[in-house]
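There are 2 protein chains.
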Amino acid sequence: MRRPRRVKPLATIISAGLSKFGRREGVYARELFAEAALEAFHRVEKLDPGKDIKAAFIGQMSEAYEHQAHDAPIAASWAGLLPAPATRIENACASSGSALRCGIMAIKSGLYDIVLVGGVEKMTNQPTPEVTGILATASDYPFEQWNGMTFPGLFALMATVHMHDYGTTEEQMAAVAVKNHKNGALNPKAHMQKEVSLDEVMKSRMVAWPLKLYDCSLITDGASCLILTSPKLAKKLSDNYVHIIGSGQSQDTFCLHERDSLTTINAAKQAAQEAYKMADVKAKDIDVAEVHDCFTIAEIIACEDLGFCRPGQGGKFVESGASNIGGAIPINTSGGLKSKGHPVGATGTAQVHELFLQLTGQADRRQVADAEIALAHNLGGSGATGVVHILRGA
Amino acid sequence: MRRPRRVKPLATIISAGLSKFGRREGVYARELFAEAALEAFHRVEKLDPGKDIKAAFIGQMSEAYEHQAHDAPIAASWAGLLPAPATRIENACASSGSALRCGIMAIKSGLYDIVLVGGVEKMTNQPTPEVTGILATASDYPFEQWNGMTFPGLFALMATVHMHDYGTTEEQMAAVAVKNHKNGALNPKAHMQKEVSLDEVMKSRMVAWPLKLYDCSLITDGASCLILTSPKLAKKLSDNYVHIIGSGQSQDTFCLHERDSLTTINAAKQAAQEAYKMADVKAKDIDVAEVHDCFTIAEIIACEDLGFCRPGQGGKFVESGASNIGGAIPINTSGGLKSKGHPVGATGTAQVHELFLQLTGQADRRQVADAEIALAHNLGGSGATGVVHILRGA
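Top to bottom, those sequences are chains Z and U.
Counting along the first sequence from 1, when you hit position 380 you're at 1144 in the working numbering, and nothing is skipped either side.
Counting along the second sequence from 1, when you hit position 77 you're at 841 in the working numbering, and nothing is skipped either side.
Don't take each hint at face value.
Straight line, CA to CA, 30 Å or less: simulated DSS-like cross-link-like pairs of lysine-lysine [as the list claims (entries may be wrong)]:
hint, chain 1, residue 1, chain 2, residue 2
1, U, K1046, Z, K772
2, Z, K818, U, K772
3, Z, K996, U, K999
4, Z, K1080, Z, K810
5, Z, K999, Z, K958
6, Z, K946, Z, K996
7, Z, K818, U, K1046
8, Z, K1041, U, K810
9, U, K967, U, K772
10, Z, K996, U, K810
11, Z, K1041, Z, K1080
12, Z, K1041, U, K996
13, U, K1041, Z, K815
14, U, K818, Z, K1046
15, Z, K818, U, K818
16, U, K1041, Z, K818
17, Z, K946, Z, K958
18, U, K999, U, K818
19, U, K772, Z, K815
20, Z, K815, U, K1046
21, Z, K1041, U, K1041
22, U, K810, Z, K772
23, U, K818, Z, K1041
24, Z, K1048, U, K772
Since the hints were made in silico from the structure, they are not lab data.
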């Protein structure tokens, strides 16, 4: 078997932090972010965060939840980082995937030697219909929102075409939910730590045909962060670090009606190709992955776009158990957006938080054996933005 | 006289574009951005934008104006950049100053060779009280907004203390407005191309004592952008380029009540120190500057923070004519936020657009003679974020 060449890392992750995900009543986004940051700080004793961390890039989707724009400086200062500059990065659900990419550029440019990247979203203080409306701002206003489209509807369209073109079944989509809830039940930080049966998923109430309640990710409060530095400095600061060896970001047409196909997400496919090439690895080299399962159909499409299975075979892939913990490529060991939860701005770096745990052997009951290469796949909106990162254990 | 050392540029600006600023009825932010991008594209004939531009970083303050988040991909694709990834950067009024800094890191990291940075805001489609509310989201929700503070109020507090501590007068603040309107009258892209007299400013209606209507910047629709590349590639693509030799970003406490002083903005002062050091220039080396005159008092404080005059002397400085076109350091030759307008997300790169024109001798009737070194000063909110860039003509 071909061993991937050990490419020079872009940057190195020396720590990761995650707030408890869930309905976090009575706390502001800034407090959630500080909670995640504190966990990250505690992992690296040799770091003096307020002194050593030179900048922060923080993903957050919407200022509507807390009537608060300019929130990155607030979150960073509550984490004790003053006067390090903080910048909010917003690419809808790919906000912190994009923030991570900015952090990589910050390190690789030499402008900073240690930076914090992360994301946060406080969502449950708004009533659900309001949240649906806020989330819909990540779709096109004149072409989609005005016509009544919301995200369940957009992904239901993709699901419908996938079923039509490839014979994908509702049961196969439900299998994604069953797997991810099983994983999430092993994650003490997950929002919904409970298993669900295929029958429960199939019988849950319809949201937008064929997507039912359990096909949809959760409205969750949460925050995540990573501490990045150069590979050289990482060795001095920590014994537990993970290299970023590939990073890709691409873009597709914003609206679904402009796309040639609804069964693939070009932005993610192109981002993956960029990241694979940079990392000099192929899909079969990936040992564990976190993919953007905002809806169950999205995980099925992701597995195809990333090359884990052939186009159209994503339903059979999950049904086969290949993506279970213990399978060929365990996917969403954290529980994914489906069960861990989807605090939009926090999701991209929360995925990488899980992979950091996996690659440093800290994933406890959901540990994947001998994981060395990991991949994170993060979408913005209905896939206008795709961000893929590839990590290697040190 | 000491000549500044010619430091190696961080990145090079090969083009700049600006939409017409003003009340732009019937167009979306995306269309304004495309207008600015097209101007930038037309300046560099050797560039094939859709092919050569590899990524975009676009500042935008709020998704509330158009119920549109995730707007960077939309703006970039309307400018013809697909599939180059676009990322929204949000630091309130310093959004595109921060976007420029991300673009610099993108180039300097070697991840991209040519990127577009810019900003956009479409504001006039909302009624003015609504706009005031949206802008207020850039101040702290629990500590400031809830107590009824809006931005005129926050800057009025700074003005009051400046008057108390240094004897700064309402007439001196008004002098900023008179100068900037005089400059804006020479700028065909400015929102308000009309001169105002000291008397008119002084007699305009009170907004938040001591700030009157003409002490406040404008609610404006507009977009701006810059094309960045490496110094080496710049030479191949254009004869008219400007080097970025210094870049600083810093942060202060978010709320005014946490600050030791209201007569200085630490974030801007620290950002300036960082940029001056990087560029190896001093305040006296600056030939022309655009500073963040969201309110007239803000320009007075900026002149002090940047070292153009001593602390407390900003009022006398503007009154002396030193910052007029033809003075020692012409400031806000574009008309500034005061007269050119302040489409929040667009402001940071709009300032640099003006300096690009000045340093390449294209500023027409407002041209500063022999300008070689220029400075842009961009604030976020009430100064939690400060971003300073220093440019050198090639």
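Now for the hints, and whether the structure bears them out:
Between U:K1046 and Z:K772 the alpha-carbon distance is near 38 Å, which puts this suggested pair outside the 30 Å criterion. About 22 Å separates the Cα atoms of Z:K818 and U:K772, which keeps this hinted pair within 30 Å; it holds. The hinted pair formed by Z:K996 and U:K999 fails the criterion: a straight-line CA distance of about 34 Å is larger than 30 Å. At most 30 Å may separate the alpha-carbon atoms for a hinted pair to count; Z:K1080 and Z:K810 exceed this at roughly 47 Å.
For the hint linking Z:K999 to Z:K958, the alpha-carbon distance of about 38 Å lies beyond 30 Å, and the restraint is violated. Proposed proximity of Z:K946 and Z:K996 is contradicted: the alpha carbons are some 38 Å apart, above 30 Å. The suggested pairing of Z:K818 with U:K1046 holds, with an alpha-carbon distance near 24 Å, which does not exceed 30 Å. Proposed proximity of Z:K1041 and U:K810 is supported: the alpha carbons are some 29 Å apart, at most 30 Å.
With a C-alpha separation of about 49 Å, the suggested pair U:K967 and U:K772 falls outside the 30 Å cut-off, and the hint is violated. Among the hinted pairs, Z:K996 with U:K810 is inconsistent with the structure: their alpha-carbon atoms are about 39 Å apart, more than 30 Å. Restraint check for Z:K1041 and Z:K1080: the C-alpha separation of about 27 Å stays at or below 30 Å, so the hint holds. Restraint check: the Cα-Cα separation between Z:K1041 and U:K996 comes to about 26 Å, which is no more than 30 Å; the hinted pair holds.
Between the alpha carbons of U:K1041 and Z:K815 the distance comes to roughly 20 Å, so the proposed pair stays at or under 30 Å and holds. At most 30 Å may separate the alpha-carbon atoms for a hinted pair to count; U:K818 and Z:K1046 meet this at roughly 24 Å. Pair hint Z:K818 plus U:K818 holds up; C-alpha atoms about 27 Å apart against a cutoff of 30 Å. For the suggested pair U:K1041 and Z:K818, the alpha carbons sit about 17 Å apart, so the restraint of at most 30 Å is met.
Only pairs whose Cα atoms come within 30 Å are accepted, and Z:K946 paired with Z:K958 is accepted, the gap being roughly 7 Å. A threshold of 30 Å between alpha carbons decides the hint, and for U:K999 with U:K818 the separation of about 18 Å falls inside it, so the pair holds. Pair hint U:K772 plus Z:K815 holds up; C-alpha atoms about 28 Å apart against a cutoff of 30 Å. Taking the CA atoms of Z:K815 and U:K1046, the gap is near 26 Å; set against the 30 Å cutoff, the hint holds.
Annotation: proposed proximity of Z:K1041 to U:K1041 is violated, straight-line Cα distance about 38 Å (limit 30 Å). Pair hint U:K810 plus Z:K772 does not hold up; C-alpha atoms about 34 Å apart against a cutoff of 30 Å. For the hint linking U:K818 to Z:K1041, the alpha-carbon distance of about 17 Å falls within 30 Å, and the restraint holds. A hinted pair counts as satisfied when its Cα atoms are at most 30 Å apart, and Z:K1048 with U:K772 does not qualify at roughly 43 Å.
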